[in-house]
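Participant: Residues per chain, in single letters:
Number of protein chains: 2
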Amino acid sequence: MEQERETLKTWKERVGLELDRVMAFWTDHSHDQEHGGFLTCLSHDGKVYDDLKYVWLQGRQVWTYCRLYRKIERFRRPELLAAAKAGGDFLLHHALVTPPEKKCAFVLTRDGRPIKVQRTIFSECFYTMAMNELWRVTGQAHYQTEAVEMMEQLVYWVRVDPSGLGRPRLLGDPGAEPMAIPMMLLCLVEQLGEGDTELTARYAQLGDWCAARILQHVQRDGTAVLENVAEDGRELAGCLGRHQNPGHALEAGWFLLRHAARKGDNKLRTLVVDKFLLQPFRSGWDPDHGGLFSFQDIDGLCPTQLEWAMKLWWPHCEAMVAFLMGYSETGEPALLHLFCQVAEYTFCQFRDPEHGEWFGYLNREGKVALTIKGGPFKGCFHVPRCLAMCEEMLDALLVALAPCPAPQAPGAASARGDAE
Amino acid sequence: MEQERETLKTWKERVGLELDRVMAFWTDHSHDQEHGGFLTCLSHDGKVYDDLKYVWLQGRQVWTYCRLYRKIERFRRPELLAAAKAGGDFLLHHALVTPPEKKCAFVLTRDGRPIKVQRTIFSECFYTMAMNELWRVTGQAHYQTEAVEMMEQLVYWVRVDPSGLGRPRLLGDPGAEPMAIPMMLLCLVEQLGEGDTELTARYAQLGDWCAARILQHVQRDGTAVLENVAEDGRELAGCLGRHQNPGHALEAGWFLLRHAARKGDNKLRTLVVDKFLLQPFRSGWDPDHGGLFSFQDIDGLCPTQLEWAMKLWWPHCEAMVAFLMGYSETGEPALLHLFCQVAEYTFCQFRDPEHGEWFGYLNREGKVALTIKGGPFKGCFHVPRCLAMCEEMLDALLVALAPCPAPQAPGAASARGDAE
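As given, the protein sequences belong to chains A and B, one line each in that order.
Using the working numbering, you'd call the opening residue of the first sequence number 1184 and step up by one each time.
Using the working numbering, you'd call the opening residue of the second sequence number 1184 and step up by one each time.
It should be emphasised that the hints constitute simulated quantities derived from the structure, not laboratory data.
Mixed in with the good hints, there may be bad ones.
Taking CB as the label site, the calculated pair distances span [as the list claims (entries may be wrong)]: (1) Glu-1284(B) / Glu-1381(A): 48 to 56 Å; (2) Arg-1465(B) / Gly-1405(A): 52 to 60 Å; (3) Leu-1348(B) / Phe-1305(A): 45 to 53 Å; (4) Arg-1352(B) / Gly-1347(A): 54 to 62 Å.
The calculated lysine to any residue pairs, modelled on SDA-like cross-linking and capped at a C-alpha distance of 20 Å, are [claimed, not checked]: (5) Lys-1285(B) / Glu-1262(B); (6) Lys-1299(A) / Thr-1303(B); (7) Lys-1550(B) / Asp-1471(A); (8) Lys-1299(B) / Asp-1471(A).
So the derived list for chain A, only partly shown, Cβ under 7 Å to chain B, looks like this [stated by the list, open to error]: (9) Tyr-1232; (10) Asp-1233; (11) Phe-1289; (12) Pro-1297; (13) Gln-1301; (14) Phe-1305; (15) Val-1341; (16) Pro-1345; (17) Arg-1352; (18) Asp-1356; (19) Gly-1421; (20) Leu-1454; (21) Leu-1489; (22) Leu-1553; (23) Gly-1558; (24) Pro-1559.
The beta-carbon is built from N, C-alpha and C at its ideal position, and this holds for glycine as well.
Given these sequences and hints, build the entire structure.
Facilitator: In structure tokens form, the structure reads like this:
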């Protein structure tokens, strides 16, 4: 017990300090004072090396600022809110390519002109998260209107008719469902439903559908999570079918843990810990150099993605959240141990003690391969979301260990509800 | 002179033997006896790990088989021709997504159903090369009809109206021209024009246009080749504008050397050797570990492509061809020296003495990162094209050194025409 308390206390301090340093990097370097929104293509020292604006990264940064503003007192700062609103307004003015049609651009010029459109739903998902979170901190209804309308569009694309995304369905199309799709929708169900009984009710069936679809990705008699399966749950042939993404499995794991907690479904919780936390870690952790592989082939063949053995920042963020959440929910010491193992590797390899924020891309051996702090796929999102969630969970765990004089932290009441 | 002869002789032997081993790998493992065409997703030992058929790789393998059959006597084997024809017929039946529209699929199922279409011209370019080369070895006119019709379509997309490719031109589009576009067209101009006075005349102006457009990529007062420039030759902003691809520069280099030779333009030849051979090598060769970087940023910033520092097989193939061609055309000893440097690294790092064919993807330090021999981007093309061209050039150089009793090799007459 004393050792556990020490571990939790040490990590709470490290995580909290790191969150401050990471957020300082983004507030110091990324605000576009001229056009609103964020410059996210940042070198190791925060210099802007490109001024493209990736819509999903704009949405993610708005979300992160609002979420921290709303949940963590020391981030309730006017300049954070102002930047978030400027980012949200930039999205409102520029993200949609041909309004009122709901399709978002993938990337914009600094002043908001569309450069590329992706035939997927991800820009729109993060647009929705940004708008909903902006509504929560500002109370301005038009943000929520945008969020809910976009959510309806997303559900239509995923469950009714994807043809509006612009990708023709061809004769040889294997009908693959990437796990990312139900994962993202489940994330949005939680986002929109928080403290909102009407939307919780509206999306309850959708949440169950997402969870069921994610669970269809557990394959090979329950021994593996596969990233792509047929819509009816069959395994697909070839590389596509054998593809594994340990970071996605772990991220889906904590999305499902939240879903199980909301539903009070302990059987699901147990399944998720086994299939989405422990198994992906066992197969995805590099026994030679540490760190999580980016991609694997379930049959042990060589993946065709050039970066398969590189260590990327975000799977490590997701693993930290997943293991600490698993521990908070079950009290299982092995999960705390895994949290510490991943967090130790992550803090040691990805952190930049000199300029703040984390490097994103290490080679297999753990050496920095790309020195950028932000780029087309990395912005202000995975790292602060991970650190803020871990800080909140560690707080709650510490409060639960010593319930008497410790200061009350948000969310503490629910932590380790049935694990004492 | 004696040392040069020894060098040339040694490499001619190594290259010739290697060509035989590489071709044996593909003829042993890649023929699809059931549907025609080629299975190109091959593991290190030749096992098929996926049965997808990438249209550009099908076209490239047809081209390679026909070219070797036509140019090198020991490859004039009926089974090579039969496989090439089966590949060509597979393309004729399945490559076009909605015939008679000329757009090709990017990837097909094993039995030829389309899975994906790319909004670019590259599948169609290699379709054209395959059809033209098939016509040359079979004499069957319908192949040439296909080649010429597709060429007309390509020229229309590139020079008149790209909208048929399906990519909407958006307001923020920087109007970038990737060097790959005029490079590929120049390659086709040479392909179709070989020994064909009518098509040579028809595409003469196009060839000059391609060369001029490639030369527009020489930027920064002639000190660098940039992969993307505006259509009017201005440098573009951001990562896109600063992007360098040393392998492409070297490949464009030998395409231009051929163009200069056809036109007898010695001034162009001198320029090309400097700007497209020596400079890309100087900036692109890794001084620490050897090998050519995949991508660089002209300002020395970190590229955003995860594989930027990996060593890929194809730039090394292109470098070998470029330097040996440069040497053949100029007699400049420095170019032979560079050929040897690149060839030594390449044979040492990429070859697989156990199973044949080359590994495609090494990490920065030169260790094999992906063990596959074929995949979505690697098939039977760059390696055998390089080896066959080098064998032919080395042959011709040796004949030119000792013109009297040596056996006559194809193409020998033209080698080092003015370099003695």
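Participant: Enumerate the violated hints, using their earlier numbering and listing them in ascending order.
Facilitator: 3, 4, 5, 8, 11, 13, 14, 15, 16, 17 and 20
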